[in-house]
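What follows is the residue order along each chain.
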Amino acid sequence: MTAIQPVDGLSKSDAVAHSPLLSVKDVTLQYKTREHIVTATYRVSFDVFQADRFVLLGPSGCGKSSLLKGVAGFMAPVEGTMKLNGRTIDRPSPDRMMVFQEFDQLLPWKTVLQNVMFPMLTSGRCKRKEARERALRFIDKVNLTKFRDAYPHMLSGGMKQRVAIARAMAMEPDILLMDEPFAALDALTRRKMQEELLQLWEDTRFTMLFVTHSIEEAIIVGSRILVLSPHPGRVKAELNAHQFSHAEQGRPEFGALTQRIHNMLFAERIEEEALSKAGAAHG
Amino acid sequence: MANLSSATPLVRPEFEHITVEAGQIGEVERPLSLWERLSNIDWLRKAVILIVLGAAWEAYARYAGNELTFPTLVQTMQALWEATVHGPLLERTLTSLRVLLTGYALGLFIAGVFTTIAVSTRIGTDLLSTLTAMFNPLPAIALLPLALLWFGLGIPSLVFVIVHSVLWAVALNTHTGFLAVSETQRMAGMNYGLRGVRYVLKILIPAAFPSILAGLKIGWAFAWRTLIAAELVFGVSSRSGGLGWFIFENRNQLETANVFAGLTAVIIIGLVVESVVFRTIEMHTVRKWGMQR
Ligand SMILES: Nc1ncnc2c1ncn2[C@@H]1O[C@H](COP(=O)(O)OP(=O)(O)OP(=O)(O)O)[C@@H](O)[C@H]1O
Ligand SMILES: [Mg+2]
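First to last, the protein sequences are chains A and B. The first sequence begins at 1 in our numbering and counts up by one. The second sequence begins at 1 in our numbering and counts up by one.
Treat the hints with caution; some may be incorrect.
[Said to hold, decoys possible] Below are the DSS-like pairs computed for lysine-lysine, each with C-alpha atoms no more than 25 angstroms apart in a straight line: (1) LYS146(A) to LYS192(A); (2) LYS129(A) to LYS83(A); (3) LYS83(A) to LYS69(A); (4) LYS202(B) to LYS129(A); (5) LYS69(A) to LYS202(B); (6) LYS46(B) to LYS110(A); (7) LYS217(B) to LYS46(B); (8) LYS110(A) to LYS288(B); (9) LYS129(A) to LYS146(A); (10) LYS69(A) to LYS129(A); (11) LYS141(A) to LYS217(B); (12) LYS217(B) to LYS146(A); (13) LYS129(A) to LYS110(A); (14) LYS110(A) to LYS83(A); (15) LYS236(A) to LYS69(A); (16) LYS217(B) to LYS127(A); (17) LYS146(A) to LYS127(A); (18) LYS141(A) to LYS192(A).
No lab work stands behind these hints, which were simulated from the structure alone. Since this is a predicted model, take the numbers as computed values, not measurements.
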């Protein structure tokens, strides 16, 4: 285990001022299949504070989606605790809205507008009129006003994802859970959505837990990055990235952080390869 | 042939196009020709087939020239008209439909109860799958003698066999549909705080609607067939008999045109329900939602 390195750039009083909104402690998540048990994450801990843009970063299959499902309340940890505002998470709830990685998360029997309004109405969060206004506002933010009466099967994958984002944001939840929401978008649209998301964050200062496997996206979108090891996911590091946005992308510090994370994720692979080579040589 | 192992991609010159304005492409959107539009109308194509079949019938019947075994289309239509306007056909049909709807509704209700139990408990799932495996292959009409023994000669017996024919098909399809609802949609629904009955009504049922509808259709077809068959076997009582009884009665009196008229009525009702009632439901639900082509 490496010693925890102190990070500068954050004044002390800032960190002490809050208690964590979401606190994940030593969480191990497992899937039970018919034949065996798959450990998705192993003893992962992190704290998310109010207005954090907290990013879970790691290679494919390291358990990022599983962690998000845990926080959303779909999956109970076999070990450890997850608490939101001090209360243990035991079930899904609209105070943690999730944008899923999969494209079939919209309800196909509802139009775009109805899809965005649906959670606001069923959770009793607002009345029909207000829900409609809010839905229209967020549909406009993701640039889908023209398609508000279309059914999901008429939308492209990226458009569906944008509807899901609008749907989750319109709820203004305590914490927004986003599972690789921009992965399906082209570079230009992705960049626009990232900027839009950051702008929205500037406006409303919501808290989000954001999953990605793109180092660059993690640095741009995140204020703090949790780097996870390959499967089963364990915490490798927690880094600050609040000082970076699109504007800093050319800067050497940005490049340095990218490289640092890259090495972290990569080191494991090199080690593994060396080990397997050694194993093959012995065998 | 070229030696594949040494094949290299052919280097071709590069080019860049200035994309033309979409407005200049002309055929981005174009109305279809009259013929294309006509041949796209479902019912029109089917009507043509019907007319051809009708002509073949008429031709054969005239050629055979035996009214007792094979009346012509014209005679059948005349008989159908007569029996509907002056005869008992309409009344018989209504009797049949009334029994059918009773049985169908009851069957749906029981199927709903069964699937609710099946989705909420594991023992319920096992119960449903065992029962459907046992009773689905059993033709409902085979239960008629038993029904007569239990409920006597009358409507309850008919309702019993209809319920049996509807129940398993609908329950099986609905349950399969529930199981096939994607994990993401389930999670999305739960994420909104939906639970219990609200979750079933607002997420599971619409998401499983294609298979539920398929179940309803199969159930309807089974019920209709079973009813006509059951009525053929016994007529409840000759005054309040249904369509099947009408057919049976006329066969006994060697009114073959009427038999054909009765059969035509059976077909027409089946067709109307299939292609009007269920199709309308389909158009406004699963097709509109893109859940079914
Ligand atoms: N439903 C499941 N049943 C069994 N094992 C699962 C299931 N879902 C995920 N896993 C396993 O758990 C591990 C973590 O999966 P998870 O989906 O959380 O990865 P991820 O980090 O989100 O990957 P990606 O970036 O590709 O989305 C994987 O090794 C996978 O094999
Ligand atoms: Mg994932």
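- Determine which of the earlier numbered hints do not hold for this structure and return their numbers in increasing order. 2, 6, 10, 11, 12, 14 and 16
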